[in-house]
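My request is simple: use the sequences and hints to build the entire structure.
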Amino acid sequence: MSTLETSRRDFLKTSTLATGGLIMGFALPGAKVEAQAAGTVYTPNAWVHIADNNTITLISARSEMGQGVYTSMPMLIAEELNVDIQQIKVAIAPPAAVYVNALLGAQITGGSTSVRDGWEKLRVGGAQVREMLISAAADKWKVDRSTLRAENGMVLGPKGRRASYGSLAAAAAKLPVPEKVALKDPKDFKIVGQRVKRLDTPAKVNGTAEFGIDVKLPGMVYASIEQCPVIGGKVTSFDAAKAKGMPGVLDVVQVNDGVAVVASSYWQAQKARKALSVQWDEGPSAALDHHKVLAGTRAAADSGKVLPIGKPVGNVAEAMKGAAKVVKAEYISPMQAHAALEPMNFTAHYKNGKILLVGPTQFQQGAHGTVAGVLGIKPEDVTLKTTFLGGGFGRRLELDFIVQAAQISKAVGRPVKLLWSREDDMTHDFYRPLGLNQVQAGLDAQGMPVALQFKVTSQSVTQRAFGLPKDTLDPFMAEAAVAAYEIPNTQHDLVIHDSGMRVGYWRAVSHNMNAFANESFMDELALAAGKDPYAYRMALLKNKPRFANVLKLAAEKAGWGQPLPAGRARGIALMEGYDTYMAQVAEVSVKDGQVTVHRVTVAADLGRMVNPDTVEAQIQSSIAFGMSSALMQEITLDKGRVLQTNYNNYPVVRMHESPNTDIVLVESTEKPGGIGEPATALVVPAIANAVAAATGKRVRKLPLTPEAIRQA
Amino acid sequence: MSIKLNVNGRAVAAKSEPDTPLLWVIRDELGLTGTKFGCGAALCGACTVHVNGQPVRSCQTPVESVAGKKIATVESLSRNNTHPLQKAWIKHDVPQCGYCQSGQLMSAAALLAKNKNPSDADIDQAMSGNLCRCGTYPRIKAAIKDAAASLRNA
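As they're listed, the protein sequences go chains A and B.
Using numbering that gives the first Met the number 0, the letters of the first sequence correspond one by one to residues 0 to 711.
Using numbering that gives the first Met the number 0, the letters of the second sequence correspond one by one to residues 0 to 153.
Everything labelled a hint here was simulated from the structure, so no lab data went into it.
All of these numbers come straight from a predicted model, not from anything done at the bench.
Wrong hints could be hidden among the right ones.
[Claimed, not checked] Derived SDA-like pairs (lysine to any residue); straight-line CA-CA distance at most 20 Å:
{"#": "1", "chain 1": "A", "residue 1": "241", "chain 2": "B", "residue 2": "16"}
{"#": "2", "chain 1": "A", "residue 1": "273", "chain 2": "B", "residue 2": "86"}
{"#": "3", "chain 1": "B", "residue 1": "86", "chain 2": "A", "residue 2": "189"}
{"#": "4", "chain 1": "B", "residue 1": "14", "chain 2": "A", "residue 2": "245"}
{"#": "5", "chain 1": "A", "residue 1": "273", "chain 2": "B", "residue 2": "117"}
{"#": "6", "chain 1": "A", "residue 1": "189", "chain 2": "A", "residue 2": "548"}
{"#": "7", "chain 1": "B", "residue 1": "90", "chain 2": "A", "residue 2": "192"}
Structural data, given as structure tokens:
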């Protein structure tokens, strides 16, 4: 996977720099003194703020959307700074070049990259400030700095000398930032690797945590926006007379994406919006429906340009010819919405050519640059503050609602909070694209695969979002396409098809469709060979110790091969994603087509872990997210209109449907892997394989609804 | 014209139009933003508050329908996280994004007010109206049991 990782990184780096000019290059003020109630604050580097009253604030350059970076990023800094993690404060970074995510080439939270990007950088950031504080103390006491050490917020010296970080901060912040610093041997870690209590939990159990929807600016008014029912459509005319006469309505304004009602309260704006009459040019998507999306994708699979994923191995065509048996299958992963619980919203205050933006975003750099561009103002006149995110999952990488809020505030000249309804959110998403996977294998006389041909046809989010040139491999469509199994002849191909849908990155992105296909197919091959799916996989992992290890651990923990109560069956699946090696076993029963997932066992090797408790939480989270995807969710359209509007027709797993989870984490000294996403993708084939084992019927199109299972 | 309510033990006179959902009176007029908006259709439970002790979806409750009644929001549990449910939520590090948790806590509080020894089925029954997109259900369940135990031993 390393070549894909590299190309993904290089691509985003060059594209954002070349096309958007998004790197703003204004770092936090170095050593600038700010008078605050909390004391006078010093910033020795971009990661650590120290007030002279000893309040220490550590910076998270990543947005907190549930995945725990509000705790894990400061843990990495605190490990080297030598401060008590429970005593520090946390701030989310503003847009600035220093906070760019090197794995994605932009200031983005996504792709399960936060720990992987921050692992060394944040420890260096903490160590730099520690060394600066020690130097400041050495200068003050006129002693050799080698006689000093930093511990628990204090610099300690000979003869019992001690000085708090706060008392040294002013002097330390004037010193040059050391280029080279020594980092601890991981065996000496005191914070990293511990089950540290999340720092955001207290605020999230008493209503004080500030999400975007909770932002309040002085004089703020509220907006609700009517957008074209067909995504991409434009306003041709509108009549706001009736809406303007309704209680609390202050103004009705047209912006690029629609018509916004601005009122003294959200409810007044929302109610008056229903009184609008808007005429639309529905645009090219007005004739689109999900049947056409599938038909177009299938046609493209036959005739579209084929882009190789990696290099073919051996000679697939020859090996297929000589095979004792050929097995073919086609798998379909439907379009899906993100459905984060906090509907899209942002607060904007435009005044005298400057704008303040406050809200939930995964893409500070994009919001900053795009709003400046759309409003025609200088980047330095855009101030962006990030709140907690009520879920992200990729939806808050998009900037549509931020631009809308900015344009509405500019039009009415007041601070405005724009809030979408759930229906707005569901029908105006950037949807996970449909995935069509066609897989074929040749088996030898013993039923073992001698050749594998894999083709995925889907839509490129990267073309839309970052201007990836046509006929170029999109690495975010090829994830988990090449599985671990040792097969002598393999070929993996990608076909990119623009279906006309507005598509977006969705938790685990293309791991979802590709792992569903690969791992379902592996079970189909085992069945064709008359072999146990676990043993069949193991036989193909002789030189893949990390894969084999997690597969074995998951199977053992789940009691693979042990008897089950009547009506229950297990399914197994294996994948690498985000440098994390993972196996899962799902245990299900099926009654009248209705799937119950009783238990999911996960074994994960993600190298070094920052906070194992958060790792477990992310795996639990991913299982629920992936289970909703596997069993319940599909976006369909009629005349360009998305038909799912709320959680009644786009369900999410609820408490009574949530399975028990058993999680085995491998102790490892490998470099850290990402954990926010992989289990989301892998639970889908684990469930699908268990359902096939339980029913004897293979369903190759998701979701596995009762209807789909009964018809199989 | 105003509608008299008792919110978290405080008498308030709501000035919003009578058909305004209680959710928006609580959030925008009274400034108690712990209660969240998720679906506007009583499908997700993020807006759960208590009306005279019963859990209700405030997004579907016109303020005029609760005139004179006692409303309790997440802020009423405690400001300093001393309520047994808040303590249990912290112990189990339940929240992820946290957006649904106010509603989860209020549904759990209503459950424990009438049942201090809930079974798994009781918990499923009481909590199935509260969505968590982050899937914190296993921890919610564990935290409810923990809080119930501490209430029984109190």
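Cross-check of the supplied hints:
no.	hint	in the structure
1	241/A <-> 16/B	18 Å, holds
2	273/A <-> 86/B	43 Å, violated
3	86/B <-> 189/A	25 Å, violated
4	14/B <-> 245/A	16 Å, holds
5	273/A <-> 117/B	44 Å, violated
6	189/A <-> 548/A	28 Å, violated
7	90/B <-> 192/A	18 Å, holds
When each numbered hint is compared with the structure, violations occur for hints 2, 3, 5, 6.
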